[in-house]
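2 protein chains.
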Amino acid sequence: MKPIAYIHTDFPTKFGIPRQSGIVEELKAYIVFEEEYRDREAFRGLDEFSHIWIIWEFSQNKDKKWSPTVRPPKLGGNVRKGVFATRSPFRPNPVGLSCVKLENIEYNKSKGPILHISGADLMNNTPIYDIKPYLAYVDSKPDATGGFTDGIIHKEYDVIFENECNGILPLEKEIALIKVLKQDPRPSYQDDNRVYGMEFGKWEIGFTILEEKIYIKRIEEK
Amino acid sequence: MKPIAYIHTDFPTKFGIPRQSGIVEELKAYIVFEEEYRDREAFRGLDEFSHIWIIWEFSQNKDKKWSPTVRPPKLGGNVRKGVFATRSPFRPNPVGLSCVKLENIEYNKSKGPILHISGADLMNNTPIYDIKPYLAYVDSKPDATGGFTDGIIHKEYDVIFENECNGILPLEKEIALIKVLKQDPRPSYQDDNRVYGMEFGKWEIGFTILEEKIYIKRIEEK
Numbered sequence: 000m001k002p003i004a005y006i007h008t009d010f011p012t013k014f015g016i017p018r019q020s021g022i023v024e025e026l027k028a029y030i031v032f033e034e035e036y037r038d039r040e041a042f043r044g045l046d047e048f049s050h051i052w053i054i055w056e057f058s059q060n061k062d063k064k065w066s067p068t069v070r071p072p073k074l075g076g077n078v079r080k081g082v083f084a085t086r087s088p089f090r091p092n093p094v095g096l097s098c099v100k101l102e103n104i105e106y107n108k109s110k111g112p113i114l115h116i117s118g119a120d121l122m123n124n125t126p127i128y129d130i131k132p133y134l135a136y137v138d139s140k141p142d143a144t145g146g147f148t149d150g151i152i153h154k155e156y157d158v159i160f161e162n163e164c165n166g167i168l169p170l171e172k173e174i175a176l177i178k179v180l181k182q183d184p185r186p187s188y189q190d191d192n193r194v195y196g197m198e199f200g201k202w203e204i205g206f207t208i209l210e211e212k213i214y215i216k217r218i219e220e221k
Numbered sequence: 000m001k002p003i004a005y006i007h008t009d010f011p012t013k014f015g016i017p018r019q020s021g022i023v024e025e026l027k028a029y030i031v032f033e034e035e036y037r038d039r040e041a042f043r044g045l046d047e048f049s050h051i052w053i054i055w056e057f058s059q060n061k062d063k064k065w066s067p068t069v070r071p072p073k074l075g076g077n078v079r080k081g082v083f084a085t086r087s088p089f090r091p092n093p094v095g096l097s098c099v100k101l102e103n104i105e106y107n108k109s110k111g112p113i114l115h116i117s118g119a120d121l122m123n124n125t126p127i128y129d130i131k132p133y134l135a136y137v138d139s140k141p142d143a144t145g146g147f148t149d150g151i152i153h154k155e156y157d158v159i160f161e162n163e164c165n166g167i168l169p170l171e172k173e174i175a176l177i178k179v180l181k182q183d184p185r186p187s188y189q190d191d192n193r194v195y196g197m198e199f200g201k202w203e204i205g206f207t208i209l210e211e212k213i214y215i216k217r218i219e220e221k
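Heads up: the protein sequence lines correspond to chains A and B, in order. FYI, numbering that gives the first Met the number 0 numbers position 177 of the first sequence as 176, with every residue one higher than the one before it. FYI, numbering that gives the first Met the number 0 numbers position 79 of the second sequence as 78, with every residue one higher than the one before it.
Just to be clear, a hint being listed does not mean it is correct.
No distinction is drawn between identical chains; accordingly, a pair holds when it is met within one copy or between any pair of copies.
[As the list claims (entries may be wrong)] The calculated DSSO-like cross-link candidates involving lysine-lysine, where the alpha carbons are at most 27 Å apart (straight line), are: (1) K178 - K154; (2) K110 - K64; (3) K13 - K73; (4) K13 - K140.
Source of the hints: derived by calculation from the structure; they are not laboratory data.
This is chain A alone, in the form it adopts within the complex (with noise of 0.2 Å):
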């Protein structure tokens, strides 16, 4: 197995990223594939699929050494699950799995094909090891059972930008950070009001959680 394609996301760090691909379609990324699959003919047909595949590394953890159980942050962090009841990045093999939505493919750069994307739960420059596109008549079971999954109330947060942090953005980039702060990036559910930092793109978001409700204080650029 080796890395096929690198993708491009908005997140240097794994501190922010959606917990599941497709929680948060706004956020843009895109595929670049190594020079020896960076040709058109592979790629005959893959845009009349609206969905696809994307395998690939737990590059961050992939020397960590893998544990029986695992604590799912949906669960508050203090519940202790199977790590193959679970879609934890800390397994015997770094192995992700991501649904996405496939925007459009870039034929003409110098690096095309590149694979415009949305809705990945990816840290910037993963690496890729396949590609495989979604075939709903085998892939989508609207019935199946989730698990311990099933019945979480999914709590969304209002996002306040205070300081003038408005407009600093590109609006498409603080639409994809509002999306991904309702969601509490913090770890395992921590309660505190101190301001965490997390960078985004190239800027750097200073925010603090009061009673439901996620401040951003702070947006820099690096």
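On the provided structure of chain A, position chain B as indicated by the hints.
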């Protein structure tokens, strides 16, 4: 990446394997983990899920060179598509993705936990890299458009048992075999009337196809 488990299915060879997972739900299979992963803690909570993902190795094809285009059997074998627009096994990294039903987990066998599943499209003894729960809220996209696989009319063949072939297989295997043959397992929709031999579990099946009907000519225990 190293195998964490191996699957046991009724397909000793590639011939006859359904072309996607979930198409023949009647096919039962089971997954036995390598010793290092035989820890029931690693599976805690998995039995609450109805479906799981298997990420596995196309072990039969791993030494073959990939080619930018392939001819999907669903398109009759004479139309070329880009390898990334298909689920073809001949890919830059020989990695497969299948969604299967999780029937139950057997904990108390010497090699347990053993996962009993149905609907697998894998050859016997295929190495498995990872097991993940199917999360309907992110993985199920019923409205995803399927490119060239949309609109293919799925023909099913009648299956007729000749020469007292009826009743040789246990009922469960007989039903699964009928469903497998209905899909027409011939490569690239070949159209001739020779007798095909297919290994299925411990049996050798001989069948022929005439005017969209499949005739089972012999079933012999190996």
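Structure-based check of each hint:
1. K178 - K154: Answer is within: at 12 Å inside a copy they meet the 27 Å cutoff, but 44 Å across does not.
2. K110 - K64: For K110 and K64, only the inter-copy Cα distance (23 Å) is at most 27 Å; the intra-copy one is 36 Å.
3. K13 - K73: Answer is within; shortest intra-copy Cα gap is 16 Å, inter-copy 40 Å.
4. K13 - K140: Classified as between: cross-chain Cα gap 26 Å, same-chain 29 Å, threshold 27 Å.
The structure is consistent with each of the numbered hints, conforming to all of them.
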